[in-house]
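Trainee: Read top to bottom, the protein sequences are chains W and A. For the first sequence, my numbering assigns the number 6 to the initial residue and increments by one for each residue that follows. For the second sequence, my numbering assigns the number 6 to the initial residue and increments by one for each residue that follows.
Careful: at least some of the hints might be erroneous.
One copy or any two copies: either way a pair holds, since identical chains are not told apart in the list.
[Unchecked claim] Subject to a maximum C-alpha distance of 25 Å in a straight line, what follows is the list of computed PhoX-like cross-link-like pairs (lysine-lysine):
id: 1; residue 1: K101; residue 2: K287
id: 2; residue 1: K134; residue 2: K117
id: 3; residue 1: K295; residue 2: K14
id: 4; residue 1: K13; residue 2: K236
id: 5; residue 1: K43; residue 2: K280
id: 6; residue 1: K117; residue 2: K43
id: 7; residue 1: K254; residue 2: K280
Simulated from the structure, these hints should not be mistaken for lab results.
2 protein chains.
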Amino acid sequence: MNEFEIIKKYFAWDNQEKDHPELAVGVGDDCALIELSKLKGTLAITTDTLVEGVHFFKESNPLLLACKALLVNLSDLAAMGARPLFFTLSLVLTEKEYQNLRFIEALSRGFKTQAREAGIALVGGNLSKGSEFSITISIFGECEHKLLRSKALVNDLIFVTGNLGAPALYVEYGYKRVNLERSLKGEASYKFFKPNLRTDFAYQAAHLIHSAIDISDGLVGDLKHILRQSKVGALIRLKRLPVDLLLEKAHLNFEQQLSLSLFGGGDYELIFTVKQDKRLLKELYQIAKKTNTKLSLIGRITDKKEILEVKEPYGKALLDKGFEFVHF
Amino acid sequence: MNEFEIIKKYFAWDNQEKDHPELAVGVGDDCALIELSKLKGTLAITTDTLVEGVHFFKESNPLLLACKALLVNLSDLAAMGARPLFFTLSLVLTEKEYQNLRFIEALSRGFKTQAREAGIALVGGNLSKGSEFSITISIFGECEHKLLRSKALVNDLIFVTGNLGAPALYVEYGYKRVNLERSLKGEASYKFFKPNLRTDFAYQAAHLIHSAIDISDGLVGDLKHILRQSKVGALIRLKRLPVDLLLEKAHLNFEQQLSLSLFGGGDYELIFTVKQDKRLLKELYQIAKKTNTKLSLIGRITDKKEILEVKEPYGKALLDKGFEFVHF
Numbered sequence: 006m007n008e009f010e011i012i013k014k015y016f017a018w019d020n021q022e023k024d025h026p027e028l029a030v031g032v033g034d035d036c037a038l039i040e041l042s043k044l045k046g047t048l049a050i051t052t053d054t055l056v057e058g059v060h061f062f063k064e065s066n067p068l069l070l071a072c073k074a075l076l077v078n079l080s081d082l083a084a085m086g087a088r089p090l091f092f093t094l095s096l097v098l099t100e101k102e103y104q105n106l107r108f109i110e111a112l113s114r115g116f117k118t119q120a121r122e123a124g125i126a127l128v129g130g131n132l133s134k135g136s137e138f139s140i141t142i143s144i145f146g147e148c149e150h151k152l153l154r155s156k157a158l159v160n161d162l163i164f165v166t167g168n169l170g171a172p173a174l175y176v177e178y179g180y181k182r183v184n185l186e187r188s189l190k191g192e193a194s195y196k197f198f199k200p201n202l203r204t205d206f207a208y209q210a211a212h213l214i215h216s217a218i219d220i221s222d223g224l225v226g227d228l229k230h231i232l233r234q235s236k237v238g239a240l241i242r243l244k245r246l247p248v249d250l251l252l253e254k255a256h257l258n259f260e261q262q263l264s265l266s267l268f269g270g271g272d273y274e275l276i277f278t279v280k281q282d283k284r285l286l287k288e289l290y291q292i293a294k295k296t297n298t299k300l301s302l303i304g305r306i307t308d309k310k311e312i313l314e315v316k317e318p319y320g321k322a323l324l325d326k327g328f329e330f331v332h333f
Numbered sequence: 006m007n008e009f010e011i012i013k014k015y016f017a018w019d020n021q022e023k024d025h026p027e028l029a030v031g032v033g034d035d036c037a038l039i040e041l042s043k044l045k046g047t048l049a050i051t052t053d054t055l056v057e058g059v060h061f062f063k064e065s066n067p068l069l070l071a072c073k074a075l076l077v078n079l080s081d082l083a084a085m086g087a088r089p090l091f092f093t094l095s096l097v098l099t100e101k102e103y104q105n106l107r108f109i110e111a112l113s114r115g116f117k118t119q120a121r122e123a124g125i126a127l128v129g130g131n132l133s134k135g136s137e138f139s140i141t142i143s144i145f146g147e148c149e150h151k152l153l154r155s156k157a158l159v160n161d162l163i164f165v166t167g168n169l170g171a172p173a174l175y176v177e178y179g180y181k182r183v184n185l186e187r188s189l190k191g192e193a194s195y196k197f198f199k200p201n202l203r204t205d206f207a208y209q210a211a212h213l214i215h216s217a218i219d220i221s222d223g224l225v226g227d228l229k230h231i232l233r234q235s236k237v238g239a240l241i242r243l244k245r246l247p248v249d250l251l252l253e254k255a256h257l258n259f260e261q262q263l264s265l266s267l268f269g270g271g272d273y274e275l276i277f278t279v280k281q282d283k284r285l286l287k288e289l290y291q292i293a294k295k296t297n298t299k300l301s302l303i304g305r306i307t308d309k310k311e312i313l314e315v316k317e318p319y320g321k322a323l324l325d326k327g328f329e330f331v332h333f
């Protein structure tokens with residue numbers, strides 16, 4: 006099959022226009038067209054690329070990989086408080102994958118399944134041959150209450166969604182730095198490829214949140230973006246970190262667990278700050294419950310510019326070790 | 006330098022927000038945000054990837070390459086009649102390029118120059134390491150009169166902008182299938198990397214045009230998309246094709262010239278159809294003059310569904326040769 010035939014067979018999905026009245030023209034012309042009058046607020050745009058051997062291991066499951074490629078971008082929209090609507094997809098396949106229709110079908114199924122789950126429509130894309138497999142996705146959403154990295158205020162409470170560390174554990178396993186029995190490996194792999202979708206929670210809770218970011222590079226590194234752009238500090242209670250139970254099951258000691266949860270990355274959970282106010286917090290927890298979102302209160306914003314503090318002594322020892330970007 | 010430092014130094018440009026009042030948040034948060042209320046009509050989105058060794062030769066000039074990566078996407082917006090506003094940029098660099106700051110600077114300069122020329126702002130992107138150099142760009146624009154492939158009408162006149170064949174000549178040279186002396190090579194290379202920007206012409210003339218497409222895969226293949234989607238045929242006068250003079254200078258015979266102009270591709274000129282009406286045509290030519298756009302009337306739309314006809318006998322011989330997608 007040539008490029009056009011593959012796109013027609015695997016990437017031109019039905020019923021998209023029906024579910025998305027904003028979509029005037031979808032796949033099949035020079036551009037997609039979206040009716041601006043049917044969108045609210047501002048348009049949020051984000052883009053990300055996954056490269057084989059860099060962002061995922063060779064021979065990864067194509068269906069899960071397609072999900073992940075969408076989820077890392079959806080996570081950026083969640084961090085902005087935006088509701089996702091559309092995406093474009095650029096695939097570079099090697100000759101081997103290009104000839105493997107079962108592989109392409111699994112990719113297509115992953116994109117389709119995850120897109121349906123997130124309520125987004127594919128509006129454009131392209132397929133190229135190359136010597137390295139990569140996926141570039143751009144997602145567009147509408148945003149009514151935008152969550153900026155620069156709006157954290159002193160005394161805000163700091164929350165994180167979900168659990169931390171499992172995706173980093175999978176990466177450690179992939180590099181043969183830890184050992185995992187089969188069932189744990191499966192679980193870690195699933196959490197690496199299928200991070201939780203936090204867009205519903207973030208969109209609904211956006212009016213309560215001051216500042217947010219998603220955890221791609223690790224909690225510490227990403228929280229530092231908020232501190233820098235908001236010109237504030239943070240005090241983190243390490244004991245409250247929602248470390249994934251999988252890390253204990255894998256026989257990691259407490260320091261290793263903390264290390265993966267703080268610096269591992271790939272969690273695609275949200276860190277966000279909220280004013281300490283009973284009424285707001287009550288509403289926040291209601292939205293969390295409705296959207297099946299676990300929340301952990303891990304600390305608060307301080308006035309010590311860009312300084313990240315921990316009280317527990319093992320915290321300081323851990324944080325000092327080889328992480329030059331953390332100042333004390 | 007790490008990813009963040011490179012982005013900050015080379016891809017965070019000044020004054021973008023000033024020139025683009027629609028841009029609420031640019032590079033530096035999780036997503037870019039665009040004020041929808043400041044845009045008109047529909048939002049047009051297009052995306053394309055260029056892979057080294059596939060879409061351009063290795064060791065290509067990075068500055069020109071950056072221009073081309075933007076221009077191929079701008080060309081899709083022109084084919085839709087949209088005015089370009091924003092773009093996102095995903096770069097995959099090999100270790101060698103990543104370490105070569107002069108290379109990155111040249112790339113950055115190319116993107117910046119071409120973006121300014123087209124009046125578009127960079128609103129997001131990412132930088133990855135990989136084993137293959139590639140560039141993925143998405144461009145967004147506003148569209149008041151959309152030009153679809155499906156709206157060509159019987160008896161419409163068929164026009165093409167600019168000249169044809171020079172980019173294909175450069176590709177032939179790259180594969181050592183033709184020889185070019187130095188000055189001709191430079192000219193062909195420039196035309197390959199810097200196709201004409203047709204967005205101004207297309208946006209201004211959109212209300213006069215029935216149907217349009219840009220020439221990426223070759224005039225015949227791309228015109229066939231219009232014929233198929235509009236359920237019409239076309240009669241082309243081969244003698245009227247605006248074959249680039251460079252092809253004669255390179256000592257190609259007439260048949261070779263026609264072949265590159267019809268099937269070569271990479272021209273990124275527009276094919277469009279217009280009602281045969283004196284008043285409309287006068288206005289069309291006025292806009293062409295104002296926007297420095299050469300127009301050639303190359304044929305007309307017929308009622309012979311998906312049939313592409315030529316009258317000249319050498320045409321039939323040429324078209325029959327090895328191009329199975331052309332039906333007679």
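Trainee: Let me make sure I understand: some of the numbered hints might not hold for this structure. Which ones are they, in numerical order?
Mentor: 1, 3, 5, 7
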